[in-house]
Amino acid sequence: MSRWKYFLQRLVLTVPILLLAMSIVFLIVRAGPLDPARAIVGMGNPAGYHDVAVDLGIERAVRVDGEVRYVDVPLWQQYVDFMAGLLTLDLGQSWVIYPETSVYEVIALRAPRTLWLGFWSVLIALFVGIPLGFYAGLNPNTWGDYTASFGGIVWRAMPNFWLAVILVAVLSNSQQLFGFSWQQLVVPTNVVTAPNLGFLTDPGMFLSDPGRAFNQLLGATKQILPAAIVLGSSSMGNEMRIGRTAVLETINSNYVETARAKGVSARSIVWKHVFRNALIPLIPIITAEAFLLIGGSVIVEYIFAINGLGQLFFTAATKGDLPLVGSLAFIFILLTLSLNVLQDFLYTIIDPRVGYEEN
Amino acid sequence: MTGTEHAVHRSLRTRIRENQRPAAVWVAVLLALVALEAGALVDLAVVLVQGMVKAWPFGNPGMAGIESAKAAAEAIPTLLSRETIPNQGWRTSANGPWTNTFLGLEPMVAWLLRFALTYAYVGVLIGWFLYGYRLYREHYRQADWTPTDDVVRRFRSHSWGKFGFVVVVVFVVMAVFAPTLSPALAEENIENPYSYEMQYFDEETGSVETVFVGQANSQSTSQGAGDDNIGLWQYDDFGRFHPFGTMPNGKDLFTFMMYGARVSLFIGLLSMGIMGAFATVFAMTTAYYKGLVDLAVVIVGDSVMSIPQLLLLILAMAVFNGHWLEGIYNGGLLIALVFGLSGWPGLWRAVRGPAFQVSTEEWVDAARSFGQRPSATMRKHMLPYVVGYLLVYASMTLGGVIIGTAALSFLGIGIDAPTPEWGRAVSLGQPFIATQSWHIAMIPGLLVVAVVTAFNALGDGIRDAIDPQSEGGESETTAAAAGGGGG
Chain A
62 MSRWKYFLQR LVLTVPILLL AMSIVFLIVR AGPLDPARAI VGMGNPAGYH DVAVDLGIER
122 AVRVDGEVRY VDVPLWQQYV DFMAGLLTLD LGQSWVIYPE TSVYEVIALR APRTLWLGFW
182 SVLIALFVGI PLGFYAGLNP NTWGDYTASF GGIVWRAMPN FWLAVILVAV LSNSQQLFGF
242 SWQQLVVPTN VVTAPNLGFL TDPGMFLSDP GRAFNQLLGA TKQILPAAIV LGSSSMGNEM
302 RIGRTAVLET INSNYVETAR AKGVSARSIV WKHVFRNALI PLIPIITAEA FLLIGGSVIV
362 EYIFAINGLG QLFFTAATKG DLPLVGSLAF IFILLTLSLN VLQDFLYTII DPRVGYEEN
Chain B
267 MTGTEHAVHR SLRTRIRENQ RPAAVWVAVL LALVALEAGA LVDLAVVLVQ GMVKAWPFGN
327 PGMAGIESAK AAAEAIPTLL SRETIPNQGW RTSANGPWTN TFLGLEPMVA WLLRFALTYA
387 YVGVLIGWFL YGYRLYREHY RQADWTPTDD VVRRFRSHSW GKFGFVVVVV FVVMAVFAPT
447 LSPALAEENI ENPYSYEMQY FDEETGSVET VFVGQANSQS TSQGAGDDNI GLWQYDDFGR
507 FHPFGTMPNG KDLFTFMMYG ARVSLFIGLL SMGIMGAFAT VFAMTTAYYK GLVDLAVVIV
567 GDSVMSIPQL LLLILAMAVF NGHWLEGIYN GGLLIALVFG LSGWPGLWRA VRGPAFQVST
627 EEWVDAARSF GQRPSATMRK HMLPYVVGYL LVYASMTLGG VIIGTAALSF LGIGIDAPTP
687 EWGRAVSLGQ PFIATQSWHI AMIPGLLVVA VVTAFNALGD GIRDAIDPQS EGGESETTAA
747 AAGGGGG
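Taken in sequence, the protein lines are chains A and B.
Numbered according to this note's numbering, the first sequence terminates at residue 420, and the numbering increases by one at each position without gaps.
Numbered according to this note's numbering, the second sequence terminates at residue 753, and the numbering increases by one at each position without gaps.
Among the hints, erroneous ones may be present.
With beta-carbon atoms standing in for the labels, derived distance ranges [unchecked claim]: (1) B/Gly389 to A/Trp65: 53 to 63 Å; (2) B/Ala290 to A/Thr208: 26 to 36 Å; (3) B/Val432 to A/Tyr140: 45 to 55 Å; (4) A/Trp65 to B/Pro640: 28 to 38 Å; (5) A/Thr208 to B/Val418: 23 to 33 Å; (6) A/Tyr131 to B/Trp322: 32 to 42 Å; (7) A/Trp65 to B/Gln735: 30 to 40 Å; (8) A/Val134 to B/Glu463: 36 to 46 Å; (9) A/Pro264 to B/Gln623: 52 to 62 Å; (10) B/Gly557 to A/Asp142: 33 to 43 Å; (11) A/Pro264 to B/Val432: 49 to 59 Å.
What the hints contain is simulated information worked out from the structure, not anything from laboratory work.
The beta-carbon is built from N, C-alpha and C at its ideal position, and this holds for glycine as well.
With the hints as extra help, turn the sequences into a complete structure.
Right under this line is the structure:
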């Protein structure tokens, strides 16, 4: 099974990649021009500085002649500690944003909002981008195709931050612009605030108080939709373009021609032959989308005031909470790498061509 | 022309020496054309050097020399300059004639004339280069036909690609000729408005008054409510014309956009240079040696790619805050470096396929067995095949870099104020989008969309020109283009 061997190879490769990526983060966080301990305590607090530095493993307290002296820990020692800490999943604590709180607690607090946002943006991109692309591919060179294709190209070129800013302005003034208020639509919500995800952390609510729970679910969905559309925008454009090309390619392939000659119904051709094969080139786009979400969430969460992981990373970096930044980066890298593995796995299952090159 | 096959190969230089007239005429006209705008080009070069030296931590060697070079550049007579066609004048009486503008024209007309002439000049220049290529084909090229002819022909009939090319040229001209195209100088209007004075006709006192540019700015703000708005294509109370209106602080948005284009293009090109260099070297070596070398680059590239680019940028900007490296070009160099060092794996992956393909060709094998040095084989027999693809993906990635830079400036950690950057205009205009001052945030965004779309279109055009059968390569293209899409 050379296909599985290929997958196994990719899986093994993940280990050095993870180590190297973490080393890059270490270099920036620890060997960069910003002293992490200094960033935490600020200027002019020498006593506090040493405490933090010792805690972070940058300095070591040594007792000389009954007097405490602080000695720098060599960089390689710091590196070993840093890597060992992360690889044993000891993520340390936050210092500035949530002082004295373990990174796990911080992530547990923030992650649900980002996941909720990511879930919806993947969903929207998939359910809008792919059907539009397939439609354009099945009706090539019609006005519908041109509109969809051109729309996809422009949509993809729109900066997330700009789209988000415009969307916030439009929704906030929907009363004047469209004659109905977005805030009051279905469930009253604000345009920019984090959604209330109480129903996620306490699913029992659906049984004990279904009315409130469903209301919350509705409100949270409505609140996340604009942000999710922005975050999914570039992927939506990508999926559309790739979907269109893929459909065009399969529809002109020999086996579709044969099926048509045999008298297979048009509907069956589209669903059984074209659709399934056209999905293959979309796999990397869908996994790449999840990758884009991690970076894009910073911007979108910043503008829509959703205090999730992206915003946490941004404030942690700008406020000098470098230990938290390092741990978050580790999480993000883990996430990306598992997505890559997932992608290879899907390829191995779906695409029979994988692994053939090697022989 | 069957004789050419048997002709002895002669260098281009001998061919030109044998038939000097067309080349001489072409070069003479080109020199004349460049001389017309030499001042603007020297000025741009001086500005670039100045930005480099300004933040140098080890003393400021030759800062005085640069200042004098700048003065000298400004002294070079330039046809299409603010001095030849001035647009900043004032009325001498109510509704009276304008003084200090070109031929006494209205500031709007004077500026429009300068703007149009600059683009006309660039159009002529490009036309001259195309004419030069034709001359070369007619008089100096030995072969009647080369594959490049087909590439050029295909590109010429690719209207989407040509659209991209035109918009990209418009954008590059904005960056290169920013001081000429703007209604005001960035130095006077945006960076140090309280160091410069201007004159205007005051209706209340009925005389010509002198005021600091900064004071005039503070009375020409665009802040949505009430009378506080100078919108598109409007004059302010000081007789200044604002094609794109003013910003919330009264600075001219058009000037801001032109100089912002300079910053975006600089970062884009520099990061693309770094990415391109890495991608080329790695593509060549991995395709030539394969095996372990390839594996090593895969691992390094994948680990760089596993850190989301925008997060890396944010982290770098935070860590290098206040460092001297961050001072060069107001943070532009640092942004370009991070983009370059984190973006090459995408570019390399995109050209890895074509590089591997060419490495299996017989001529590469022949060169190898012939005993040619590997570096020469890569340069002469492999690189020419890959360069086109490199151009395609570089063009598409550049859009991502522009978006990423704007996103950082929007977040307030990119290019330091007051240096113009498009993203900052969006962030400044954000509170006023739903008011009459909508232009502040809308126009920069629309320009980004146009420029990024154009770079993508140009990339599409080049790809279809060099490789007409290459529909399938699209997935990699988008992966490359999506690099900066996190913004």
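Do the beta carbons of tyrosine 131 of chain A and tryptophan 322 of chain B sit within 32 to 42 Å of each other?
-> For tyrosine 131 of chain A and tryptophan 322 of chain B the Cβ distance comes to about 34 Å; the hint holds.
Given a hinted range of 28 to 38 Å, is it respected by the beta-carbon distance of tryptophan 65 of chain A and proline 640 of chain B?
-> Because 35 Å falls inside the window, the suggested range holds.
So does glycine 389 of chain B sit 53 to 63 Å from tryptophan 65 of chain A, Cβ to Cβ?
-> For tryptophan 65 of chain A against glycine 389 of chain B, whose Cβ atoms are near 59 Å apart, the range 53 to 63 Å holds.
Honestly, do alanine 290 of chain B and threonine 208 of chain A meet the 26 to 36 Å range at C-beta?
-> Since alanine 290 of chain B and threonine 208 of chain A have Cβ atoms about 52 Å apart, the given range 26 to 36 Å is violated.
With respect to the beta-carbon atoms only, verify the hint that glycine 557 of chain B and aspartate 142 of chain A lie 33 to 43 Å apart.
-> For glycine 557 of chain B and aspartate 142 of chain A the Cβ distance comes to about 35 Å; the hint holds.
Could one say that the CB atoms of tryptophan 65 of chain A and glutamine 735 of chain B fall in the range 30 to 40 Å?
-> Holds: the Cβ-Cβ distance is about 32 Å, inside 30 to 40 Å.
Status of the given 23 to 33 Å range, CB of valine 418 of chain B versus CB of threonine 208 of chain A = Cβ of threonine 208 of chain A to Cβ of valine 418 of chain B: about 31 Å, so the range 23 to 33 Å holds.
That 52 to 62 Å hint for proline 264 of chain A and glutamine 623 of chain B (C-beta), does it hold up?
-> holds, 53 Å
Valine 432 of chain B versus tyrosine 140 of chain A beta-carbon gap, inside 45 to 55 Å or not | Cβ of valine 432 of chain B to Cβ of tyrosine 140 of chain A: about 51 Å, so the range 45 to 55 Å holds.
Between proline 264 of chain A and valine 432 of chain B, is the Cβ distance one that fits in 49 to 59 Å?
-> holds, 56 Å
Could you check the hint for me, namely that valine 134 of chain A and glutamate 463 of chain B are 36 to 46 Å apart, CB to CB?
-> violated, 58 Å
Hints 2, 8 from the list above are not met by this structure, while the remaining hints are.
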